[in-house]
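Based on the sequences and whatever the hints tell you, model everything.
Position 1033 of the sequence shown, counted from 1, bears residue number 1033 in our numbering, the numbering being contiguous throughout.
Just so you know, the hints here were simulated from the structure itself, not pulled from any lab data. Computed from a predicted model, the values in this text were never measured in an experiment. Beta carbons: idealized from backbone N, C-alpha and C, even for Gly. Careful, some of the hints might be misleading.
[Stated by the list, open to error] Estimated spans, in silico, between C-beta atoms of each pair:
(1) G567 <-> S92: 54 to 62 Å
(2) G594 <-> G192: 24 to 32 Å
(3) A529 <-> M626: 17 to 25 Å
(4) T414 <-> L866: 23 to 31 Å
(5) L502 <-> N797: 20 to 28 Å
(6) K702 <-> T414: 39 to 47 Å
(7) G315 <-> L250: 35 to 43 Å
(8) D743 <-> Y523: 51 to 59 Å
(9) S938 <-> G206: 54 to 62 Å
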Amino acid sequence: MKNIRIGMSGSLTGKENEMMTAHGLAIDRSRLYDDKRRKRIFALFVSIILVISASVVSMLVANKPLQASNPQDEIPLGTLYYNERDQISFKSETTIGASSGDVNSIAVGDIDNDGDLEVITVSYNDLTIWRSTADPWQLWDAYTVGDFALQTGTCVVVADLDNDGWLDIVAGDDDSNVWCWRNDHTPFESWGLPNRITSTAAMIPGVEITGLVAADFDHDGWTDVAVADNSIDGLNVVFLRNDQTPFSGLWVGLATGYVPASAVTSIDVADIDHNGWPDLVAGHASGVVVGWENNYDPFNTQMTQHLLCDVSGRGASINDVALGDIDNDGDVDVLTSDDAQEVYAWQNLGGAHSWDQMTGFSISGVLGFNATAILLGDLDNDCWKDVFAGTDDAGRVLTIANDHACWSDTWNATLLGYGGEGKVLSVGLGDLDRDGDLDSLSGHFDYSGGGGTCLSWQNVLMHRNMPFYSSGYELIGNAPNDGTVGDLDNDGDLDGVIARNLNTTTGEIVLIRNTHPGPPEYYYISVGASVKSVALADLDMDGDLEIIGGISGYLFVWYNIGSPWTGGWIRVTIENVPTIGYAHIRTGDLDLDGDIDIVVGCTGNPAPMIRCYQNDGTPFDGGWTMNGVDQTFPGVVVSLEVADFDKNGSLDIVAGGNSGTNKIVVYENDKSPFSGYWPRHDIGSMGVSSYPSGIVAADFDKDGDMDVAVSESYGSNRIYLLENDGTPYDGLWSTSIARTMLDDLWSLDAADFDLDGDVDLVVGGDVNDAYEVVVLINSGILPFSNIWDAQDVGAPNNRVLVVLAADLDNDCDSEIIALTVNARMYIYWNIGAQVSEYVADVSPGSINADDSAAILRIRVRPNGILSDLPAVVTRWCFEIYALDGITPLTPSEMNETFRSFSLYRDNGDLVWSNTTDSLVNSTTNLSGNVVIISVSASDPDAIVAQVSDAYFFFVVELQWGASIPGMRVYFDPNKWNSTWEGNLMEIQDLGKCLSVELTWATMTKEITVIMIPEFGTLLLPVIGMLAIVLAIRGARGRKETS
1 MKNIRIGMSG
11 SLTGKENEMM
21 TAHGLAIDRS
31 RLYDDKRRKR
41 IFALFVSIIL
51 VISASVVSML
61 VANKPLQASN
71 PQDEIPLGTL
81 YYNERDQISF
91 KSETTIGASS
101 GDVNSIAVGD
111 IDNDGDLEVI
121 TVSYNDLTIW
131 RSTADPWQLW
141 DAYTVGDFAL
151 QTGTCVVVAD
161 LDNDGWLDIV
171 AGDDDSNVWC
181 WRNDHTPFES
191 WGLPNRITST
201 AAMIPGVEIT
211 GLVAADFDHD
221 GWTDVAVADN
231 SIDGLNVVFL
241 RNDQTPFSGL
251 WVGLATGYVP
261 ASAVTSIDVA
271 DIDHNGWPDL
281 VAGHASGVVV
291 GWENNYDPFN
301 TQMTQHLLCD
311 VSGRGASIND
321 VALGDIDNDG
331 DVDVLTSDDA
341 QEVYAWQNLG
351 GAHSWDQMTG
361 FSISGVLGFN
371 ATAILLGDLD
381 NDCWKDVFAG
391 TDDAGRVLTI
401 ANDHACWSDT
411 WNATLLGYGG
421 EGKVLSVGLG
431 DLDRDGDLDS
441 LSGHFDYSGG
451 GGTCLSWQNV
461 LMHRNMPFYS
471 SGYELIGNAP
481 NDGTVGDLDN
491 DGDLDGVIAR
501 NLNTTTGEIV
511 LIRNTHPGPP
521 EYYYISVGAS
531 VKSVALADLD
541 MDGDLEIIGG
551 ISGYLFVWYN
561 IGSPWTGGWI
571 RVTIENVPTI
581 GYAHIRTGDL
591 DLDGDIDIVV
601 GCTGNPAPMI
611 RCYQNDGTPF
621 DGGWTMNGVD
631 QTFPGVVVSL
641 EVADFDKNGS
651 LDIVAGGNSG
661 TNKIVVYEND
671 KSPFSGYWPR
681 HDIGSMGVSS
691 YPSGIVAADF
701 DKDGDMDVAV
711 SESYGSNRIY
721 LLENDGTPYD
731 GLWSTSIART
741 MLDDLWSLDA
751 ADFDLDGDVD
761 LVVGGDVNDA
771 YEVVVLINSG
781 ILPFSNIWDA
791 QDVGAPNNRV
801 LVVLAADLDN
811 DCDSEIIALT
821 VNARMYIYWN
831 IGAQVSEYVA
841 DVSPGSINAD
851 DSAAILRIRV
861 RPNGILSDLP
871 AVVTRWCFEI
881 YALDGITPLT
891 PSEMNETFRS
901 FSLYRDNGDL
911 VWSNTTDSLV
921 NSTTNLSGNV
931 VIISVSASDP
941 DAIVAQVSDA
951 YFFFVVELQW
961 GASIPGMRVY
971 FDPNKWNSTW
981 EGNLMEIQDL
991 GKCLSVELTW
1001 ATMTKEITVI
1011 MIPEFGTLLL
1021 PVIGMLAIVL
1031 AIRGARGRKE
1041 TS
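Shown next, in the form of structure tokens:
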């Protein structure tokens, strides 16, 4: 009886128990039948429970996580992650100073040769130099150069007019005068009286000078001047010739003009047709832009004029014109602003079509205001020229970012400034703080009567790191002796030239055509002797590079006739001395006559071991004169470079020898380079057991003086630094060690690899170093006192004979070419970016429905310098796939599986916790299988400071009813998609895109979903069975009662 009562509520009294017992005795037979039935029902109930339990167990077993590996998808590297979005980043304006009137023109240059840029302005009647002695983002000191008497200054440029290595000043006024001031090397003391260089024979009195440029128009090595005015007489462009006495009397001028005549509003200078001679481009009030084609005799015969651009059909006048290669194809394009509120870019098709009328594209759209002054410059260090413009919109300035498409759409424009100044009359560009990026300047109208202001705009572009990537090597046949780079076909890309031996008696010159992003193409010039060295230079000033080759016994030139890939080379002999090896070649204009000369370091006999060869302007007619630089050079020349060490405007020579104490010697160019031996100055020594294998000249401490770096072999494997203190010929230079390596160093080059404004070094070493290609990083902090940090780049496992630094992909940073003794060429691509993101798969093997888990951990590292603004995580996009990693989840699967997605910032232990880690304030949107997490810019957890790391977790939360078998999550920090845009990092407060270092995308391992039915669904059969049992029990109770 007790078993029947199990589960009944309440208790029975003694009387009730007695009645039940009595009744039970009366019906004992039927009770036995009912007991059997109850047992059957109970057995059925237990069976159902067991079936349900088995089902659950089976489901749990079926969803046991797979033991999957965690591979990263091998996605090939592409191009730097910019995605053509605006990265130009400027802070608010800073006042440099106020002038006496309108700031009509701005020039930028290093007036005192100290490595810092000064700003030169002309205003009402003042010519002023602005100098920063401390922080360039504070007020600058003003130095008055002179005044314009009763006239108003309108234009200013700086140029070295007397070839003394110091910048002079040229300025025009509103009364047809052009003046020049000589820099006597004390620019902040006294300038003296200016020289007037225009005459009334060439200029109409009383007209305003509206344009001024400086260039060597006649290739005589002296800087000339072109002037434009606002007259309408048809002769409003004048070319003025510098006769080598620039500060004495009038310059001879040739007046020209364009018909139909109209006032010239602005001019600029560049080589439009790639023939090596500067041409002139002028914008007119009539709405046309005209090109003056240099005819090689610009001061005696009229230049040919070409209509290049025309906006007159829109009823517009040209406000300003600027020149530059906008689309990176090697041809100079045209930029114009007009008074119809638009900025146009005009495409130069190049070649035979250089002087054709150009097709223009409005890159600004209708602005709603006028761009009054414009300049082209790479404002975001992506190697594409952007636009900086002044406007008439209450003194604001405008940046227009080149989106790399150039000719297909409107570029992104950003208006800067608070609008409290008069309209902008002039603009300038220069790296004022020497941090590796271009800052901007604007000169303003005097709207208040208190003087116009000159403002500076600090470029706060975040700096980059410099990781290098190589996909392997190219076989180059035989061991190289030398190599160099240059644009052989004028397509805007640097090509390569390698000198190599074929055997002991014959050699070859290898031409490497840059077809990036395609593979390099190879072409060959056979040489019947061992090729020791090569160099490139435009010897005939026609715009094409020639090859100079040092052969055993011969010094050759290969004349480039304009078809370098189809045999377009003609060989000319410069010198033939059978006992000499022409081992090292450098080029430069030694005598400042406008033609490129040659310097050679030799091996063998007879002396001299250093020779220079004068180019008389007819380089292919045997017109070369040799002069010995030093009759008693100490040993064989093993390294050679040219640079202006004393800042007198002439190239000097530095060389290293392998005899005695292996001296480093500088030869002083006293401006008579082809008359006798050069004055010799010993500046350092490597020691008796060392070998100065490589030498470069660069300003390592940014003091305006060229220093020297030397690599060492057969010694202590050191990189020496020799500091030029500004007195290069007053004894030995101070010597320090940048770094010591583990094996011999065979080659050396220099470049600013990380674009921070400091020149770094790359060395090629030998096999006992773990990495034979290493970059030494110049931090800019006391480079002659501190050991430089080393960054390993590549391990060819062979001696590196040649290293070259060159920008091969036109992204503004330098790649490294390494040539090894086993005839291999390695290219290490500089894939530096402003932010690095490193992704780790931290997903579990399985996730229970209704549970959360961290799937990915992302390390964010800004690569800027300490003074850069922080980076901000703005948007990340994650893609969800089925277990196969291929099939995207459908929208319905996404909605049914996931309850939420979120980002957490790690607290420092690298393990996700929803209690100790910070939840990042964000919103989530879905686009198919893509989870788009947009972060609030105001959330401090999204901000990552420079020189620090931050870790973030991508976390998913599943629904109760998650029904998919499992998933994999894909994240590519570099991915861009036109539909959902893609991942985005920005610079704090400015909202400008940051580049992200190229890295492998990550696909997680398989993550199985443990599908637990919802609670109500699980208990429904149980509740049903209990209801049946209770109903049967109730029916039985009623029957017994009756």
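Inset, instruction - Could you check the structure against the hints above and give me the numbers of any it violates, in ascending order? - result: The structure conflicts with hints 6 and 8, although it agrees with all the remaining ones.
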